[in-house]
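Visitor: Knowing the structure of chain A, use the given hints to seat chain B on it.
Residue numbers (full-length UniProt numbering), protein chains in the order written: chain A, 1 to 505; chain B, 1 to 316.
In short, the hints are calculated from the structure, not lab data.
Be aware that a few hints might be false.
As the list claims (entries may be wrong) - Pairwise CB distance ranges, derived in the manner of DEER restraints:
(1) A:Leu379 to B:Gly13: 45 to 53 angstroms
(2) A:Leu379 to B:Arg295: 51 to 59 angstroms
(3) A:Ile7 to B:Tyr50: 38 to 46 angstroms
(4) B:Arg71 to A:Gly397: 18 to 26 angstroms
(5) B:Thr300 to A:Ser493: 38 to 46 angstroms
As the list claims (entries may be wrong) - So these bits of chain A aren't anywhere near chain B, every CB distance computed over 12 angstroms:
(6) Glu90
(7) Gln152
(8) Val381
(9) Ile384
(10) Glu435
(11) Gly436
(12) Tyr504
As the list claims (entries may be wrong) - To give an idea of the chain A side of the interface with chain B (calculated C-beta under 8 angstroms), a few residues:
(13) Ala324
(14) Phe325
(15) Ile328
(16) Leu379
(17) Ile430
(18) Gln486
(19) Thr488
(20) Lys491
(21) Glu494
(22) Arg497
(23) His499
(24) Ala503
Remember, predicted model here, so these are calculated numbers, not experimental data.
Think of the CB as a built atom: it goes at the ideal place given N, C-alpha and C, for glycine as much as any other residue.
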Amino acid sequence: MTSRSRIPFYFAILLLIAAGISIAVWRHVELRIPWFTGEQQPVWMVEARIDFTGTGEPVLASMNIPDQPPGFRIISEQAASPGYGFSIVEDSGERRAEWSKRDVSGAQTLYFKVQLVPDEQIQPDRPRQQPKPEPAFWEEPQATAVEELLQQAAARSSTPESMTRELIKLLQPDSSAQNTTLLVSNDNYINLLNRMLNHAGIPARTADGLALEDARRRQQLRPFLQIYDGNKWLTFNPRTAEQGLPENVLLWRQAATSLLDVVGGDDSEVSFSMLRQTVPALQLAQAQSAENGLGFLSLYQLPIEEQGMFRMLLLLPLGALVVAFMRIVVGIRTSGTFMPILIAVAFVQTTLIPGLIAFVSVVAIGLLMRGYLSSLNLLLVSRISALIILVIFITAGLSIVGYQMGFNTGMTVTFFPMVIIAWTIERMSILWEEEGAREVFVQGAGSLFVAVCAFLLMSAPLAEHLTFNFPELHFVVLGLILLMGQYTGYKLSELRRFHPMKAYD
Amino acid sequence: MGWISPFKLNQLGMLNMNRRNVDYIARYNSRASYPLVDNKLKTKLVVAEYDVRTPRLLQVVRQQHEIPHFRQIADDLTGFAIKPAKGSGGKGITVITGRDGDEYIKASGARVPSAYLERHLSNILAGLYSLAGTPDVAVVENLVESIPGLARYSYQGVPDIRIVVFQGYPVMAMLRLATKASDGKANLHQGAVGVGLNIANGHGLNAVQFNRPILLHPDTGLALENIVIDDWQEMLVMASRCYEATGLGYMGVDLVVDVNEGPLLLELNARPGLAIQMANGRGLLPRLRQIEAIRKPHFTPEERAAFAMETFASSI
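With the rest of the complex left out, here is chain A:
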């Protein structure tokens, strides 16, 4: 009989493991679930403060708020303004926060807070409508000056970007162009630039940016020039002609015509303060999983209680992996195939040393009592049942004694699965009678050793983090267990067992 081809099997295993890893990587990238525990991510908390004076009339304050600012992801937005009605409205591609109140008089302060995470990948969507240059009208003599400057800039450039850069250079006071002084005054500079570019047929607009620096208060927005290159809006520094948005600058206002409109109030002004915070990356990912399309694949949507259950359940495959490895590759004898996993799970609850002490003492006392039960000549089922009750008595006794002696850990005995312990005692007792005490110790120690190994793996914070946050990694565990099922090599223990064969070599 020829051996069947195992290639499809190995291929399937490979596929399974690859699928597990790639889903995990995908979810890491998409949902930003961190690989490690305790990973922190910086978050900017930006607060806009609006001050105005009420004139005793109904007030409607409307402020533009960030909408897909390049390089930042908005996590949360909230307004704090007692007594005001508040809502966020989206209107013709711009987002505005609106506060309203019937009778307002005296100094008023409104707050709007937004939490942002730096994220290189965030770019604004393509505008639905292609922006068109707005026609501008000039009077003489400015009209001639504008034409001349634009011609100069156009002569030195080839694309809208270079045209913009050249024009900005020409408009600087130290440039040699004489027409500059005629046109430029301090307060209309950015506006002029904007109009001139539009006049030259390049869609342009001004945007307001906020330089983010930790713990700054009373900051103002800085204007930036944006032109449309046919695909997206490009940002320029209007003074240095530097293209692109500097790092840590948040474009607060992009498409909107105005930053703040207050109806029914005077002396309105906006100022910003900001704070750099760090939050656990995992918390961030969980908070956002609901919004993301992939969120339904994670366990975060479940009620907290079920999540806690799954945290435990998803650790079990690791225990199974340890047991499979220990039995198939190492060759450790255990009493009951998967009893060590259940013990390990109990250890996770009790912590190792108290758990070990409790387990060994329960089993030892149980074995003594089982000795008496065996002399009673009982049927097996009733003997095991009696044993279960005795085990419960023993655990209760240990808990009470432990508590009275001041060891709270004594009470953790209750985490052990009673029925499993009862069966363990029964099996060990039979083993004792049939094979002698040595075998009982070998198997008991083997079980405990495997349980401790499984516990050490399962209680590692990284293991809990990965199994719960990347449940798809269990495909990998499954693949490894299936692979081990095909292991036909020698167990470690067999290298000892068969060593007398050396004599026959």
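Guide: Just chain B now, with coordinates in the frame of chain A:
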């Protein structure tokens, strides 16, 4: 304390547990045939059709309420063995060799009251010794009396012969002798002596106890290399027949030689242990591969036994 390198084991052709399970048991033993060998009662019935004799069945205890009547029936018996039908590895087998008033004498010489036997029967019925803890029946068989030629080697207990049969060909054999350490049981891991047997002629090759080579039986002090099994070919043919009876491609056949009835089948094992290799001082793998390489299998048990005697004349 010593270790052997896996390469050396491979070179010696030692079959290991994982390979046995995956490459031989899982591949050649159909799951459907397992109940035949895992249940001694079924084994008895099925091999009888193939002219393989087993110890005489005296009684089957199936229900708890039959246990009190057991004593009355047992009154007529002098020697008998109580076995769980689904037991494995000799667990739960109690051998009674005689009576002394109200007490029974176990093979070890210990005297036990009838209550002991009743509790034992009740344990068997509850499934304490059965493979998966399922309810079981107790089989009461006639006591096997080993031929003196073999019995003298063993410390109490009945020496039995384990033959590994692969696809109907006997590939390796050993004689198991109980010792004081093994408490009269013929299980190697409990300290019984295993004597490898030459498939060609039934002569002793080599002996081990606790996996260590020995020359003399630790209790009886007899030299083990002079052992010769009579009717060797008949035993090989019997073992070979069990293949037709059960359809198991890889199994262990346990035989005894009764002083009155000749060779008898004690039990079949679908998961025979690996210690037979230590007793023979050689690995199973070369022989198994040789059988796997046979293009034209022999159809009768006689032919297969003859082929094995010729091929495995302890050369490999």
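Visitor: A separate judgement is required for each hint: does it hold in the structure or not?
Guide: How the hints compare with the structure:
no., hint, in the structure
1, A:Leu379 to B:Gly13: 45 to 53 angstroms, "holds (48 angstroms)"
2, A:Leu379 to B:Arg295: 51 to 59 angstroms, "holds (55 angstroms)"
3, A:Ile7 to B:Tyr50: 38 to 46 angstroms, "holds (40 angstroms)"
4, B:Arg71 to A:Gly397: 18 to 26 angstroms, "violated (41 angstroms)"
5, B:Thr300 to A:Ser493: 38 to 46 angstroms, "holds (41 angstroms)"
6, Glu90, "holds (64 angstroms)"
7, Gln152, "holds (84 angstroms)"
8, Val381, "violated (6 angstroms)"
9, Ile384, "violated (9 angstroms)"
10, Glu435, "violated (7 angstroms)"
11, Gly436, "violated (8 angstroms)"
12, Tyr504, "violated (4 angstroms)"
13, Ala324, "violated (12 angstroms)"
14, Phe325, "violated (12 angstroms)"
15, Ile328, "holds (6 angstroms)"
16, Leu379, "holds (6 angstroms)"
17, Ile430, "holds (7 angstroms)"
18, Gln486, "holds (7 angstroms)"
19, Thr488, "holds (4 angstroms)"
20, Lys491, "holds (6 angstroms)"
21, Glu494, "holds (5 angstroms)"
22, Arg497, "holds (7 angstroms)"
23, His499, "holds (4 angstroms)"
24, Ala503, "holds (6 angstroms)"
Hint compliance for this structure: hints 4, 8, 9, 10, 11, 12, 13, 14 are broken, all remaining hints hold.
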